[in-house]
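Throw the hints in and build the complete structure from the sequences for me.
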Amino acid sequence: MEKSLEVINTRIRDGNARVVTAEEMPAIVDELGEEGALEEVDVVTTGTFGAMCSSGAFFNFGHADPPIRMERVWLNDVEAYAGIAAVDAYLGATQASAGNSEYYGGAHVLEDLVAGKAVELRATSHGTDCYPRRAITTEVLLEDLNQAIMVNPRNAFQRYNAAANAGDRQLYTYMGTLLPRCGNITYSGAGTLSPLPNDPAFRVIGGGVPIFLGGTQGMIIGEGTQHSAGSGFGNLMVTGDMKQMRQEFLRAAVMPGYGTTLYVGVGVPIPVLDLSIVRSTAVRDEDILTEIIDYGIPRRDRPSLKKVSYAELKSGSVELEGDRVKTSPLSSYRKAREVAAELKRWIEAGSMELALPTRSINAERRAQSMRETARAPRVRELMNTKAVSITEDEKIKTAARKLLKGETNHLPVLDRNGMLVGIVTTFDVSKAVVHDGKNNLVRDIMTKNVIKTHPEEPVDIAAQKLERNNISALPVVDKENRVVGILSAIDLGKLFGGRWQR
Amino acid sequence: MKLLLTFSRKRESDPGRQPVIARIVKETGVLINVEKANIDSTAGEVLIDVPDQDADLIRRRMEETGISVRSLERNAIVRDEEECIDCGACISVCPQNVFSFDADWRIQVRQGACVLCGKCIRACPHQALSQQQ
Numbered sequence: 001m002e003k004s005l006e007v008i009n010t011r012i013r014d015g016n017a018r019v020v021t022a023e024e025m026p027a028i029v030d031e032l033g034e035e036g037a038l039e040e041v042d043v044v045t046t047g048t049f050g051a052m053c054s055s056g057a058f059f060n061f062g063h064a065d066p067p068i069r070m071e072r073v074w075l076n077d078v079e080a081y082a083g084i085a086a087v088d089a090y091l092g093a094t095q096a097s098a099g100n101s102e103y104y105g106g107a108h109v110l111e112d113l114v115a116g117k118a119v120e121l122r123a124t125s126h127g128t129d130c131y132p133r134r135a136i137t138t139e140v141l142l143e144d145l146n147q148a149i150m151v152n153p154r155n156a157f158q159r160y161n162a163a164a165n166a167g168d169r170q171l172y173t174y175m176g177t178l179l180p181r182c183g184n185i186t187y188s189g190a191g192t193l194s195p196l197p198n199d200p201a202f203r204v205i206g207g208g209v210p211i212f213l214g215g216t217q218g219m220i221i222g223e224g225t226q227h228s229a230g231s232g233f234g235n236l237m238v239t240g241d242m243k244q245m246r247q248e249f250l251r252a253a254v255m256p257g258y259g260t261t262l263y264v265g266v267g268v269p270i271p272v273l274d275l276s277i278v279r280s281t282a283v284r285d286e287d288i289l290t291e292i293i294d295y296g297i298p299r300r301d302r303p304s305l306k307k308v309s310y311a312e313l314k315s316g317s318v319e320l321e322g323d324r325v326k327t328s329p330l331s332s333y334r335k336a337r338e339v340a341a342e343l344k345r346w347i348e349a350g351s352m353e354l355a356l357p358t359r360s361i362n363a364e365r366r367a368q369s370m371r372e373t374a375r376a377p378r379v380r381e382l383m384n385t386k387a388v389s390i391t392e393d394e395k396i397k398t399a400a401r402k403l404l405k406g407e408t409n410h411l412p413v414l415d416r417n418g419m420l421v422g423i424v425t426t427f428d429v430s431k432a433v434v435h436d437g438k439n440n441l442v443r444d445i446m447t448k449n450v451i452k453t454h455p456e457e458p459v460d461i462a463a464q465k466l467e468r469n470n471i472s473a474l475p476v477v478d479k480e481n482r483v484v485g486i487l488s489a490i491d492l493g494k495l496f497g498g499r500w501q502r
Numbered sequence: 001m002k003l004l005l006t007f008s009r010k011r012e013s014d015p016g017r018q019p020v021i022a023r024i025v026k027e028t029g030v031l032i033n034v035e036k037a038n039i040d041s042t043a044g045e046v047l048i049d050v051p052d053q054d055a056d057l058i059r060r061r062m063e064e065t066g067i068s069v070r071s072l073e074r075n076a077i078v079r080d081e082e083e084c085i086d087c088g089a090c091i092s093v094c095p096q097n098v099f100s101f102d103a104d105w106r107i108q109v110r111q112g113a114c115v116l117c118g119k120c121i122r123a124c125p126h127q128a129l130s131q132q133q
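Chain order of the listed sequences is A and B. Counting in the UniProt record's numbering, the first sequence runs from 1 upward without gaps. Counting in the UniProt record's numbering, the second sequence runs from 1 upward without gaps.
Each computed DSSO-like pair below joins lysine-lysine, with the alpha-carbon atoms no more than 30 angstroms apart:
# : chain 1 : residue 1 : chain 2 : residue 2
1 : A       : K479      : A       : K465
2 : A       : K306      : B       : K119
3 : A       : K465      : B       : K119
Reference listing, derived: stretches of chain B covered by chain A, where coverage requires no fewer than 3 residues with Cβ under 8 angstroms from a Cβ of chain A:
# : region
4 : 101-113
5 : 120-129
Because the hints were derived from the structure by calculation, they are not lab data. Glycine included, C-beta positions come from ideal geometry on N, C-alpha and C.
Here it is as structure tokens:
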């Protein structure tokens, strides 16, 4: 049996369509079977409410007198992109305030506008014959603007990697605060209620499909930027009239130490046309898998610590290497439910009809990494391979002699097997001399907790280690913890003045 | 009950230079659990947990030594319900399990457990949490 979209839309118009949320669907399929569910249910509504950094809006401010071709535009001191026609601009959610506030950005301007607050518009121009004015400052309200069209390039991810941090330093990321030594796990997405897991083949989700966006009716434009449905990370580019949106479904946020972002409510109604859609909308949290990624590794390809389902993540804790680790969603499941419930009411009330995609979305595409023509330098290329070292049971005086002779300030300390066990600096030696006599051996004065690097580490990360720990050199070790060189702040100077060829 | 003690330690005779807590434990026999302490060269702040029935006694004894005492039993952490969207970012950063979801995925706050470490305040993406002054 199949059901046409026409039949479903007729039922919506007549006010007798059967609409359920994606959370209710699995139990219905269990009870009625797939055939029974196809007969019974016309529409499944989905919803998600989470941080969607890739969000923003186009504005048309109307012309001033005398007119200005706005070249640079600020809204409440947050710069919008104005490299388009005269009084148009695009403001993105993550744009930071030009002032000093860590707690105000593009997302806050968008929320303030939707909340009906006055926003200061400031613009500059070089002045032309047709647009003579060079500067303007005025207050605008959302209702004053000709258009405020939300266009979000990348929303409603199919699923998202969960995050933990196996390192020993607390991290502040777009996945929230990550405690050291895997102290917590954060995740995002509504699982069973999320739009894309309910149609991973993109059969009925595609360009032209009407959706819930920020509290009003919007539309899917097509695949989002970085869409990678082939690897389970599909997403959507969506649009909607911001002037109709509501603050309760559009909320500015700040990920501490990372920046501002916008929480957006997105919901897609799914017409139940056939058995394959019944099956895909019966998806449960148990079926939606993701990886817990170690954000302690500051690289693009971070290792996975564990594969988990959304059911495990939503349970409140996950077992990770023998410990129960607490989980935090960053998206709001309560609000995701509100999105799906409101979408359900709209359809039941006949105020929203469904449409099939006019442009389909590729379900196999995979996003590529950047092709980098300028290679990021590695520690191997800058390090000094003639590192002078010392063993832990040598005398401090020997260390002093080596420091002088080697014209260095840092001596990696080795054990008998040649493994790195510490570091001694000129400062440590001077200190030992001042507090004279008590300590005799290198072992007594060395720093045992050595901050180190390895030959393949990008220099940017090594430089971050130097800065963060307020030190000026890092021993470079191989996989066996043998010293193969030393990278000092002086070596970083090679990056300048053309001595390093990329 | 949780009591927040603040004291000076500028002078030799100030309570911050004396083993006040140890002395009061010995005198009263009340078991005091120190949950957080932040002590610098001139002043200190210590959060202690004491059995409810002994709280008045401990408060009185502390105050007699010159320590100021504030009870933190209720609303140590204030949640702005307008700003909070019930995302749950606070849940996993809290060392005391103060936050949890109820059956409707709303945040529940167990105030009594809070030790005012402040982790949740910084971790909240919506700036909905603050410490009551």
